[in-house]
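My request is simple: use the sequences and hints to build the entire structure.
Which chain is which? The protein sequence lines are A and B, in order.
With numbering that gives the first Met the number 0, the residue at position 196 of the first sequence is 195, and numbering never jumps.
With numbering that gives the first Met the number 0, the residue at position 297 of the second sequence is 296, and numbering never jumps.
Among the hints, erroneous ones may be present.
Covered, in the sense of this in silico footprint (three residues per stretch, anywhere, with C-beta under 8 Å from a C-beta of chain A), are these stretches of chain B [to be verified]:
1. 195 to 203
2. 317 to 327
3. 330 to 337
4. 360 to 367
5. 397 to 410
6. 424 to 435
These stretches of chain B come out as covered by chain A in the derived footprint (C-beta under 8 Å, 3 or more residues) [stated by the list, open to error]:
7. 304 to 314
8. 414 to 421
Within a straight-line C-alpha distance of at most 25 Å, the following computed SDA-like cross-link-like pairs (lysine to any residue) qualify [unchecked claim]:
9. 393(B) with 0(A)
10. 393(B) with 40(A)
11. 102(A) with 368(B)
12. 24(A) with 342(B)
None of these hints come from the bench; they were simulated from the model.
We put the CB at the ideal spot given by N, CA and C, even for glycine.
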Amino acid sequence: MKRLLKIIEAVRPTFEEGGKLRLFKPVFGALEHFFFAPSTTTIGAPHVRDPLDLKRLMSMVIISVVPAVLAAFYFFGLRFFLMIIVSYAAGLTVEAIFAMVRKEGINEGFFVTGILFPLILPPGVPLWMVGLGVAFGVFIGKELFGGTGRNIFNPALVGRCFLALAYPKAMSASWFEPSHRLTGRLFEYFSVDPSAADAVTVATPLVQAKSGQMCSISHLFLGSVSGSAGETSAILIILGGVFLLFTRVASWRTVVSILGSFIVLTGALISGGAIKCGMPGVFGPVMWHLFAGGLLFGAFFMATDPVTSPTTNAGKWLYGITIGSITVLIRNFTGYVEGVTFAILLGNIVAPIIDEIVIGIRIRRLRSEG
Amino acid sequence: MKFRGGHNILLSGRPEGVVRIMPEPEVLYIPLRSRRFDFSEVVVKDGQRVSNGDTLAKDPDNYGVPLLSPRAGVVRLNKDENHIVLEEVTKHEERVDMSKEELSHIERRMGEAGIKRYRLNALGAWQFFYDAHTRALPDPLGTPQAIIVSTLSLEPFLARGDVQLYKRLSSFTRGLEQLQSLLEYQPIYLVLPDIKSDFANLIRNHIRGHAWVKMVDDFSILARNLGLKRSEGPIWAVRTEGVLAVDRALTLSKPCLVRIVSIGGTGVNSPTHIKAMPGYPIQMIRDKYVFEPVARMINGGILTGELLGTETLGLDTECRGITILPELKDREFFGFIRPGWDRSCYAACYLSSLRKSFSERFTTGVRGEGRPCISCNFCEEVCPAGITPHLIHKYLYRDLIEEVEQNRVDLCIECGLCSFVCPSKLDLMQQFIEAKRLIEQEKEEIRREQERQEKLHQEELARKSIEEGNE
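The structure is reproduced here in structure tokens:
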């Protein structure tokens with residue numbers, strides 16, 4: 000430990016102003032602060048600071064998606080590991096280049112994007128598409144807006160949206176039947192090679208349901224269905240999500256309002272369909288809808304991103320309700336079967352407007368005070 | 000009354016509930032500056048012998064608040080910069096330092112209430128009064144719309160009300176009565192941390208029958224929560240020590256020279272309260288209480304206090320507590336993935352959230368890198384003033400001063416909680432102080448410009464009327 004600190008101190012001048020590698024200062028800084036906490040001290044009041052920093056905050060998100068990552072390994076094979084590596088490598092390159100150009104540090108926010116992105120992709124998607132998608136997401140979705148904290152859209156969702164629109168065929172050919180064996184695919188590299196034993200392209204439950212084929216709720220709950228790599232297992236997502244809510248990194252208001260509005264609206268549609276037959280696209284019980292597709296993953300990990308969601312508490316309720324209801328509308332009344340990506344991106348669009356309204360009301364109230 | 004915001008930080012090094020008497024010093028170093036006052040008008044000469052209670056200097060900008068000599072001794076003016084040094088210090092009997100004729104002169108001029116206020120100022124009790132909104136010294140001759148007496152201490156390490164009141168409850172009630180006599184019909188609000196506690200009951204028994212004291216159980220920005228508007232006149236705010244000083248000045252006619260000062264913080268071996276006078280040498284406190292080799296000394300509390308540099312040699316007149324904080328020494332290895340059983344944070348991101356609340360040992364470390372705001376909203380949740388720090392920060396970043404003003408940055412009470420909880424380690428409080436100063440400056444400029452225009456207009460009118468008269 001001390002030796003490492005000595006090495007860092009020894010090579011520091013190379014990266015400082017005037018050194019040979021000064022261009023790579025952000026990379027050096029990121030590595031240094033990965034191992035050792037910064038040595039800065041407070042200047043004025045307050046003289047003490049809370050121990051929580053962004054690194055810790057982001058590692059909380061990463062810890063909370065670990066169950067979903069393990070589920071992806073189990074159901075779709077170790078190939079998923081490669082997807083994570085490609086995603087981190089491509090995204091970090093973009094992030095590091097921007098950090099070097101801006102002469103700022105490399106921000107921790109990317110480590111979350113880098114792990115969330117492969118989780119929302121179909122498990123059989125070609126690796127070059129993973130790299131392209133994450134690079135696009137980070138570049139267009141985040142860096143062009145000014146980097147961490149200033150982006151309007153969730154970068155992972157921007158990348159996903161880009162891939163879905165640019166390569167619809169390749170994407171829809173990448174859904175695979177998960178392993179049903181007890182050991183899963185934990186010990187095999189699952190290639191896209193069609194000759195592999197159980198590699199069968201299978202439509203996701205929501206697509207199947209459109210044609211009247213319903214899979215059971217218990218399969219959805221455990222995750223042994225086709226779908227994006229990390230979104231299939233409802234129980235593991237809920238486990239990680241509740242942990243995230245407990246640590247207060249994600250806002251429970253967003254999650255509750257998304258899921259609540261979704262349940263209420265779907266329930267209303269189903270009961271409406273029961274009274275008056277011929278309601279378009281209404282199928283399955285409410286719980287089935289809740290567990291199917293990317294709704295839970297989106298609600299717990301995507302929509303709760305503090306940067307792209309409204310900042311005010313009242314705004315978070317409105318934002319969640321917007322996302323929940325748009326998801327219901329897209330799923331039931333359009334040609335798309337999976338609407339969470341678009342719903343959250345639309346929610347990101349309205350988030351600043353919601354904030355503007357709520358803050359406007361608050362300013363009016365504050366004006367009369369004091 | 001509803002309390003919003005706030006964050007209960009448990010820190011080790013909280014001063015215990017006793018007051019220790021410090022050894023008498025031989026030399027006093029009385030700083031000429033404190034947070035509010037600047038005693039620029041020195042009224043004593045070098046080498047002059049003074050007794051305790053004599054006026055050493057005055058602050059001409061703050062209604063001539065006097066700097067009283069805490070002990071008898073010989074004045075040295077040029078020994079240390081910005082200090083009045085008092086040598087050969089001895090403790091004399093305190094004496095009333097007001098000549099009869101002067102008093103009668105003032106009585107003729109200002110009346111019964113006026114003389115009380117004069118005595119408050121001359122005996123050093125007036126400096127315990129604050130304007131509730133601006134925290135400046137209120138006008139001693141003004142009429143407040145209310146007085147708020149607060150026994151609370153928002154800061155973890157400052158002198159506590161219960162310690163100051165120990166064995167002095169009757170003085171406290173007498174002080175409240177004296178305060179009442181300064182007013183006509185305006186209310187006095189007594190703020191207690193918990194109106195159901197035994198201590199509150201004791202006070203209630205003492206002040207039973209005084210209908211003018213209203214008990215208030217909770218605080219936020221007290222004046223705001225009490226429904227007092229800034230536009231309806233000044234509000235005087237005074238702490239426990241202030242009421243005791245009022246009692247001393249008006250009932251006993253004695254100068255207020257000794258204060259109870261807390262010695263707290265994580266760098267102290269036995270955190271406690273001490274009885275000390277302004278000018279008490281800091282080195283003596285340091286020798287006795289500080290065990291850390293490298294420690295930061297703070298004048299005031301840990302969240303709002305000011306750095307006590309080595310150039311300051313003695314306690315200033317407004318000092319309520321000295322906080323000692325060890326400096327950051329080691330850089331933590333893999334700090335962000337440690338389970339964190341021994342550290343607590345605002346969000347429940349460390350393992351310690353499974354544990355009962357405990358006091359953490361803080362250092363001066365920022366504990367993270369500065370990053371852009373991610374709108375986590377923690378600052379808004381803790382803000383007791385109910386403003387949105389992160390939003391104001393973003394407006395300031397874009398130089399939108401008008402929006403900053405609209406979001407009521409002026410309501411900020413500079414408690415420092417937003418900077419404390421910020422995971423991006425932004426210095427929010429300092430930014431707001433700067434922004435408030437800018438806005439004040441701008442307003443002042445506008446006011447001056449208006450005055451100038453008005454004057455020009457008047458001159459124009461006068462010129463016209465003269466011309467008309469000529470015609």
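Evaluated hints:
1. 195 to 203: It is violated: at least three residues are needed, and the region 195 to 203 of chain B offers just 0 whose Cβ sits closer than 8 Å to chain A.
2. 317 to 327: With 4 residues close enough to chain A, the hint holds.
3. 330 to 337: With 7 residues close enough to chain A, the hint holds.
4. 360 to 367: This one holds; 7 residues, not fewer than the three required, reach chain A with a Cβ under 8 Å.
5. 397 to 410: Contact hint for the region 397 to 410 of chain B vs chain A: holds, 5 residues under 8 Å.
6. 424 to 435: Coverage by chain A holds for the region 424 to 435 of chain B (4 residues, Cβ < 8 Å).
7. 304 to 314: The restraint on the region 304 to 314 of chain B holds, since 3 of its residues have a Cβ under 8 Å from chain A and three suffice.
8. 414 to 421: With 6 residues in contact (Cβ-Cβ under 8 Å with chain A), the coverage given for the region 414 to 421 of chain B holds.
9. 393(B) with 0(A): 39 Å, violated
10. 393(B) with 40(A): With a Cα-Cα distance of about 24 Å, the restraint between residue 393(B) and residue 40(A) holds, given a limit of 25 Å.
11. 102(A) with 368(B): 15 Å, holds
12. 24(A) with 342(B): Violated: residue 24(A) and residue 342(B) sit about 31 Å apart, past 25 Å.
Comparing the model with each earlier hint shows violations of hints 1, 9, 12; every other hint is respected.
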